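Number of protein chains: 2
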Amino acid sequence: MPVNTVEWKNNSLRLIDQRLLPGQLKYITCKNTKQVFEAIKKLKVRGAPAIGVTGAFGMYIGARAINTKSVELFCKSLEKVGDHLGSSRPTARNLFWAIETMLECAYDNIDNPVEKIKTILLKEAKNILEQDKLICRKIGQNGASLIKKGDTLLTHCNAGALATADFGTALAPMYIAKKKGVDFSVFVDETRPVLQGARLTAWELVNAKIKATLICDNMAASLMKSGKIDKVITGADRIAVNGDTANKIGTYNLAVLCKYHKIPFYIAAPISTFDLSLKSGKDIVIEERGKEEVISFGGRITAPKNIKVYNPSFDVTPHELITGIITEKGIITYPCKNKIIKHCK
Amino acid sequence: MPVNTVEWKNNSLRLIDQRLLPGQLKYITCKNTKQVFEAIKKLKVRGAPAIGVTGAFGMYIGARAINTKSVELFCKSLEKVGDHLGSSRPTARNLFWAIETMLECAYDNIDNPVEKIKTILLKEAKNILEQDKLICRKIGQNGASLIKKGDTLLTHCNAGALATADFGTALAPMYIAKKKGVDFSVFVDETRPVLQGARLTAWELVNAKIKATLICDNMAASLMKSGKIDKVITGADRIAVNGDTANKIGTYNLAVLCKYHKIPFYIAAPISTFDLSLKSGKDIVIEERGKEEVISFGGRITAPKNIKVYNPSFDVTPHELITGIITEKGIITYPCKNKIIKHCK
Chain U
1 MPVNTVEWKN NSLRLIDQRL LPGQLKYITC KNTKQVFEAI KKLKVRGAPA IGVTGAFGMY
61 IGARAINTKS VELFCKSLEK VGDHLGSSRP TARNLFWAIE TMLECAYDNI DNPVEKIKTI
121 LLKEAKNILE QDKLICRKIG QNGASLIKKG DTLLTHCNAG ALATADFGTA LAPMYIAKKK
181 GVDFSVFVDE TRPVLQGARL TAWELVNAKI KATLICDNMA ASLMKSGKID KVITGADRIA
241 VNGDTANKIG TYNLAVLCKY HKIPFYIAAP ISTFDLSLKS GKDIVIEERG KEEVISFGGR
301 ITAPKNIKVY NPSFDVTPHE LITGIITEKG IITYPCKNKI IKHCK
Chain V
346 MPVNTVEWKN NSLRLIDQRL LPGQLKYITC KNTKQVFEAI KKLKVRGAPA IGVTGAFGMY
406 IGARAINTKS VELFCKSLEK VGDHLGSSRP TARNLFWAIE TMLECAYDNI DNPVEKIKTI
466 LLKEAKNILE QDKLICRKIG QNGASLIKKG DTLLTHCNAG ALATADFGTA LAPMYIAKKK
526 GVDFSVFVDE TRPVLQGARL TAWELVNAKI KATLICDNMA ASLMKSGKID KVITGADRIA
586 VNGDTANKIG TYNLAVLCKY HKIPFYIAAP ISTFDLSLKS GKDIVIEERG KEEVISFGGR
646 ITAPKNIKVY NPSFDVTPHE LITGIITEKG IITYPCKNKI IKHCK
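Just so you know, the protein sequences line up as chains U and V, in that order. Under our numbering, the letters of the first sequence match residues 1 to 345, in that order. Under our numbering, the letters of the second sequence match residues 346 to 690, in that order.
If you're looking for bench data, these hints aren't it; they were derived computationally from the structure. Possibly wrong hints are sitting among the right ones.
Derived lysine-lysine pairs resembling PhoX-like cross-links, with alpha carbons at most 25 Å apart [claimed, not checked]:
no., chain 1, residue 1, chain 2, residue 2
1, V, K556, V, K494
2, U, K308, V, K556
3, V, K624, V, K493
4, V, K371, U, K305
5, U, K308, V, K576
6, U, K308, U, K291
7, U, K209, V, K556
8, U, K211, V, K650
9, U, K259, V, K627
10, U, K282, V, K570
11, V, K607, U, K262
12, V, K576, U, K259
13, U, K305, V, K573
14, V, K607, U, K291
The model shown is predicted, which means the values in this text are computed figures rather than measured ones.
Chain U on its own, in the form it takes in the complex (with noise of 0.2 Å):
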């Protein structure tokens, strides 16, 4: 294992305050709902399935803070719970799917008395992080037959260790390559503005002793053009139904530079990145963040203060533009409706 990222310790959840790296790995513990609130609303915590599991926890933290015997009153505020802990990132599927299992969960149990109901909580987050770390190594098992001796890939973003709580989703079929012993080599986008690529994705690779290439993300193009991509795999926050996927800022514009360079173009997520609920990419309601982001970085101000800034933390590939879509189940070639539909089944 590369880092742990999210971990349960000693009744806590302990996470990796992801914005000090690359210079500074700090681990900070939340013991309330208010500091799991703020872990994900300040990005000391990212990735969807490290978003997740720090959900579940959080739900399991809110409700051992409930004082009542009253089961339907547990309930009821549990939901606040999810409520509030859901709004602290809206584009995050796997955070509204964590919250949604430990309702059902809570829901499925209100034949106990609420004590018992807390304990089964506890159980449900911690089997929740076992099911990412197993959901990790098989989309990279799936993931890696794809990663050919000599490859370049490209990556965007984050869906590393950091993302998760084990391997990945975009870069664990890199990691189960490197411990095949395949040799291939990797470009990783910076990813502006908030550079989950050159401090995270380059971190992590650079540590897992994999041949990594920084590059700034309007470098992608050229390297095309000249052939050195051979392909793309990046992670996803969201996929509709119909294969739409939201993914951190400039995965479409990869995705359209691969369309227009005819290099294949994966996505690679867990199941629960699936919202069937959403007939496709129109339907996911696209994040904006603050201007800080764009116009100033380490404390240094790099444009006039008084410009206006539009700072979308998400984009919408469509799904013509995905060659497929790596999960724990096997890889969704072009994927449409009706191949997700019995994908996800």
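Please build the complex by placing chain V on the supplied structure of chain U, with the hints as guidance.
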């Protein structure tokens, strides 16, 4: 005039140190070729036309320091000055153009004594500066015809007043349209790694009260998808005889995105940017810059220090992706060899 980027003042070359913008507007003075070389090399002055004007005055500054009465020795020394200055920025066509023009001017006047040739060279450098001003205005007028009421434009890097001795190239049509009272707005790519868009173009446009919105480079694609961009105008550093254009890294990315989204893509550049000796973009040497620009910002390390970095300063946009090249003589639509040779005559 927005600002005086390049000026001849008190027998010295006065430049804005653009590395300090937008925080600080500081002028530097060059009195010898070493200072001129450093100013170009270290990006204190940047933008092809501004570099050209700087190179012309650099040649005069070099010429006046040559201590000989032999015209032959003088010319040989001046050639060495040209070789030296030319090595500061190997991709900048305008720099070579200015150096060659100054050398030709010297050779055209070899019947005169050395001191007289020096005086003629100063006049020639001043003439190049005045010509640049005139060219900017003409590019502005020609390009302004493309900007309609309600248009939303996108530009990359800085091809504005700070890149020339006047209104700029890509921004000149915007300044002229603004003067004419046309209501339009502009998205500005921040332009990693050196952030010329965020630091310089945003600063210029805010100062000129042109409606501008700053984005990260990877956001343009999703703006285009949602129909928010009507046309793209960028500058150029070098154009081959077939229309293939070298410009700041990320320009080719935009051109591919424009093709995919059926958005017109324009280059604005003076005729001096054409290098008719280059058959195509394949003949253009792409300068690679140091890794520091990519792995750190504002003194803060943003990536692991031991990560490999690829940092090309330019990319090449093939002519088939270019809707038109705006020059001081008009607009070359769908540029190709025949049209370009005719236009440049």
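- For the pair supplied as a hint, V/K371 and U/K305, is the alpha-carbon distance within the 25 Å limit? holds (18 Å)
Does V/K624 pair with V/K493 here, judged by a C-alpha cut-off of 25 Å? violated (35 Å)
* Asked: Are U/K209 and V/K556 close enough, with their CA atoms no more than 25 Å apart?
  -> Violated. U/K209 to V/K556 sits at ~47 Å, over the 25 Å cutoff.
* To do: With a cut-off of 25 Å on the C-alpha distance, tell me whether U/K308 and V/K576 pass.
  => holds (19 Å)
message = For U/K211 and V/K650, compute the direct alpha-carbon distance and say whether it is at most 25 Å.
response = holds (14 Å)
Next on the checklist: Hinted pair, alpha-carbon criterion (25 Å max): U/K282, V/K570. Please report holds or violated.
Outcome noted: Given pair U/K282, V/K570 holds - Cα atoms ~12 Å apart, limit 25 Å.
Worksheet item: Does U/K291 lie within 25 Å of V/K607 when you go C-alpha to C-alpha?
Response: violated (29 Å)
- Item | Restraint status (C-alpha distance of U/K305 to V/K573 at most 25 Å) | holds (24 Å)
request  = Assess, step by step, whether the Cα of U/K259 is no farther than 25 Å from the Cα of V/K627, and give holds or violated.
outcome  = Given that 25 Å is the threshold and the Cα spacing comes to 23 Å, the pair holds.
Requested in this report: Sort out whether U/K259 lies within 25 Å of V/K576, counting only the CA atoms.
Outcome: Holds: V/K576 and U/K259 sit about 21 Å apart, inside 25 Å.
Restraint status (C-alpha distance of U/K308 to V/K556 at most 25 Å) | holds (9 Å)
Hinted pair V/K607 and U/K262, Cα distance within 25 Å = Roughly 19 Å between the alpha carbons, so the hint for V/K607 and U/K262 holds.
In this structure, the hints that do not hold are numbers 3, 7, 14, in rising order.
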